[in-house]
Amino acid sequence: MVAHLLRLKLALLRNSLRRSTMQIVGLAIGALYGLGILGMVLVGLVALGTQGPETIGVVTVLAGAALFLGWLIIPVVAAGLDMTLDPARFTTYAIPMRSLLAGLSLSSFIGIPGAITLLASVGTAAAWWRHPLGAVAALVCGALAALTSIVASRAVTAASASLASSRRFKDLSGVVLLVPLIFLGPIVAGVTAGVKDFKDYLPSLAGTLSWTPLGAVWAVPADVAGALWGQAAAKLAIALATAAALAWIWKACLQRALVTPAYSGSRRRGAGSMGFFRLFPATPAGAVAARSMTYWFRDPRYSAGLVIAPLLPLVLVFAGSRAAGGGMLGTTLALGGVLAAFLVVWSISSDISYDNTAFALHVASGVSGTADRSGRALAAGSLAVVPGVVYAVVGTGIAGTWALLPAVLGLILGAVGSGLGLASVFSARFTMNAPLPGDSPLKSKPGNNFPTMLIQLAGFAGVGVLMVPEIVLAAVAMSTNRPVLGWIALAAGVTLGTVSLMAGLRLGARQFDRRAPELLLAVSADR
Amino acid sequence: MTEISPSLTEARAAGQGPPALAIRGLSKRFGSKLAVNAIDLDVPAGSFCGLVGPNGAGKTTSLSMATGLLRPDAGQVWVHGVDVWGSPLEAKRLMGLLPDGVRLFDRLTGEQLVTYAGLLRGMDKDTVVERVRDLLETLDLARDAGTLVVDYSAGMTKKIALASALIHAPRLLVLDEPFESVDPVSAANIRDILHNYVASGGTVIVSSHVMDLVQRMCDHVAVIARGSVLAAGTVDQVRGGLSLEDRFVELVGGRNQTAGLQWLRTS
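Here the protein sequences come in this chain order: S and E. Once you know that position 514 of the first sequence is 515 in the working numbering, the rest is easy, because the numbers rise by one and skip nothing. Once you know that position 243 of the second sequence is 637 in the working numbering, the rest is easy, because the numbers rise by one and skip nothing.
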């Protein structure tokens with residue numbers, strides 16, 4: 002039975018490769034990347050072997066604990082990283098639980114992350130080339146550690162899946178978990194700067210970790226090499242208990258998941274809550290705007306963007322905080338506002354890809370291109386202007402350069418207008434590889450992301466070119482501190498933004514009217 | 395187009411206006427597979443027409459091309475005399491469509507979705523509000539009107555999609571598998587709605603696998619298999635004394651005549 006599951010996983014992999022050459026390219030790039038990391042890790046480990054057993058122990062415990070944490074956290078954030086063998090699909094086959102668990106965990110090693118983890122973990126033996134006993138222990142413990150990582154990630158996925166069968170939880174967690182991820186850079190920078198006696202701190206951290214489930218398994222070889230048999234046995238016991246406990250949690254969650262249907266209802270609610278449809282005019286364009294607006298707030302794929310974009314200026318400020326003083330900070334914040342506004346408006350470039358086949362309603366109703374384009378632009382535009390203007394005002398306020406506010410506003414309005422205009426054309430012309438409705442915002446199908454990236458880059462470049470006058474004017478105004486030029490930049494931003502928006506809407510509408518059925522066919526292809 | 399289907403001659407003979415749906419030489423190829431092979435079909439105005447065929451016969455592809463969702467490689471389609479691919483906006487105003495295997499804007503509530511469908515058609519607000527209330531009431535969805543469509547069951551999703559197709563009171567209603575996973579009570583309600591609609595002069599085309607249902611519900615039927623129309627006309631013409639199911643199997647073929655699966659005996 003276990004062999005069957007392994008063979009199934011291999012067959013799935015082979016068939017997915019047969020589907021398109023881009024998949025092969027994607028896998029090859031992933032494999033190269035993984036092998037590169039593995040190579041670096043192994044070289045590092047051999048080099049580490051020249052140090053004393055204590056140092057080797059500290060480094061492997063810390064790195065190992067980090068790896069383990071990664072396996073615990075990533076599946077939750079990325080909502081089912083690799084669910085090719087989703088246990089829910091085996092419900093109808095009477096597979097003994099023991100075989101199912103063994104098969105699923107072993108099959109996880111077929112795949113780049115699993116395989117690299119296994120090889121790197123077992124590879125820790127390389128660090129012990131001067132201590133043969135430690136090397137033997139590292140071989141055994143490495144395999145155990147890799148297995149524990151896999152089981153841990155499976156257990157976490159199963160546990161959160163039973164929690165997440167409520168759609169609301171899934172929607173919310175996908176967006177909320179993004180926030181710490183965005184601030185990861187600043188947080189790490191802050192922590193490393195904060196801990197002054199970093200070198201003294203690490204060994205004690207490793208010492209503590211080595212007695213916890215996170216680090217025990219990685220600490221055993223060091224104790225073996227140092228002939229501390231009692232400690233080694235105790236830590237091995239902790240490691241084994243960890244693996245057993247995780248396996249038990251996994252089994253319990255899986256047993257419950259297999260008998261609980263995935264669908265779970267919510268409260269029934271009667272008519273009367275029309276939301277954004279009340280705010281917008283009752284025209285086709287107004288309806289499209291109201292629908293888009295609803296999606297911006299209710300669909301995690303959109304709301305993730307709405308959460309990330311306003312946070313980006315803050316990240317920029319954190320990143321630059323040690324480099325510059327208060328004046329620079331304010332300017333960074335204001336310019337970050339331009340970026341935030343642009344990111345919000347640019348996301349409608351993949352609007353139809355996000356609609357997926359729901360777009361059929363627009364085609365079947367014969368919505369005019371003008372109504373479709375302007376409705377989507379109206380929703381994104383009104384959402385983008387708010388954070389943009391807030392950051393512009395706050396930023397210039399902090400910097401004490403009120404006189405330059407018009408220049409920043411010119412940039413923002415230019416970015417919104419040109420961004421919306423170009424995005425309206427792009428979304429009527431191209432469909433992209435976007436997460437499906439209901440999927441996590443972070444999820445994307447592997448392999449065929451290359452064309453999507455190319456289209457996005459072309460779009461960024463295009464908007465940059467459209468905005469050259471505002472950018473030059475604002476840059477000169479800011480660097481030479483001449484507010485008059487700032488007013489000219491504002492005028493240029495408003496004028497050029499409006500012109501780009503109008504031209505983009507018209508061109509996009511013409512594309513849309515001509516190609517709506519082709520767009521529908523293109524999004525139907527990747528359901 | 396030398397072949398003329400029975401229903402066409404009948405419609406001409408009866409001297410009525412143009413058929414509700416007229417298809418001539420419609421073809422579509424996906425890669426190496428010819429999904430629809432130059433089909434001709436007429437659905438007379440005021441008829442209740444069933445479209446039956448095995449899985450993968452080209453039913454959904456044909457209906458998508460007939461309703462302006464999928465551009466045909468060749469051929470033409472008219473809805474009440476309006477060329478669907480020549481003047482699509484005008485043709486789409488005449489049609490209501492319930493597509494199969496297509497997502498909905500399911501982060502809207504049921505009420506919002508049907509309203510959205512109405513407003514997209516350019517209808518005025520008061521009419522939309524009134525019709526949405528009627529439709530939700532009739533389809534027994536009023537109590538779930540404020541629930542997000544993504545939280546609906548499969549049957550409720552079908553019903554809300556049907557409401558979206560009916561909101562603009564079309565003259566031709568094209569329904570792809572409308573009864574799939576709909577409970578028997580709701581299915582009976584839907585059949586009543588459709589019969590009233592046909593009685594008042596509307597035309598309905600339904601695709602289905604369920605022959606009994608088509609035989610009971612429809613007055614016209616077209617059998618499609620392997621991308622071609624094998625038979626078309628009134629239900630009585632097509633079945634010719636047999637039950638529709640037997641006639642269908644006779645036309646389409648593919649029944650296994652052996653006793654088969656000898657071991658699948660419990661006694």
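In case anyone wonders, no lab produced these hints; they're calculated from the structure. Predicted model, so just to flag it, every value in this text is computed and none were measured. Among these hints, one or two may not hold up.
[Unchecked claim] Covered by chain E, per the in silico footprint, the following chain S stretches (three or more residues, Cβ under 8 Å):
1. 293-305
2. 353-359
[What the hints assert, rightly or not] Partial pick of chain S residues on the chain E-facing surface, computed with a CB cut under 8 Å:
3. Gly276
4. Gly439
5. Thr453
6. Met454
Even glycine gets a Cβ: it sits at the ideal position worked out from N, Cα and C.
Hint-by-hint comparison with the structure:
1. Proximity of the stretch 293-305 of chain S to chain E, defined as three or more residues with a beta carbon under 8 Å from a beta carbon of that chain, is established by the 4 residues found.
2. Counting residues of the stretch 353-359 of chain S whose beta carbon lies closer than 8 Å to any beta carbon of chain E gives 4, which meets the minimum of three for the stated coverage.
3. Of the supplied interface hints, the one on S/Gly276 holds, with its beta-carbon coming within about 7 Å of a beta-carbon of chain E, less than 8 Å.
4. Given the 8 Å rule on beta carbons, the hint for S/Gly439 holds: about 7 Å separates it from the nearest Cβ of chain E.
5. Checking S/Thr453 against chain E by beta carbon gives a least distance of about 20 Å; that is not within 8 Å, so the hint is violated.
6. Hint on S/Met454 is violated. Least Cβ distance to chain E is approximately 25 Å, over the 8 Å limit.
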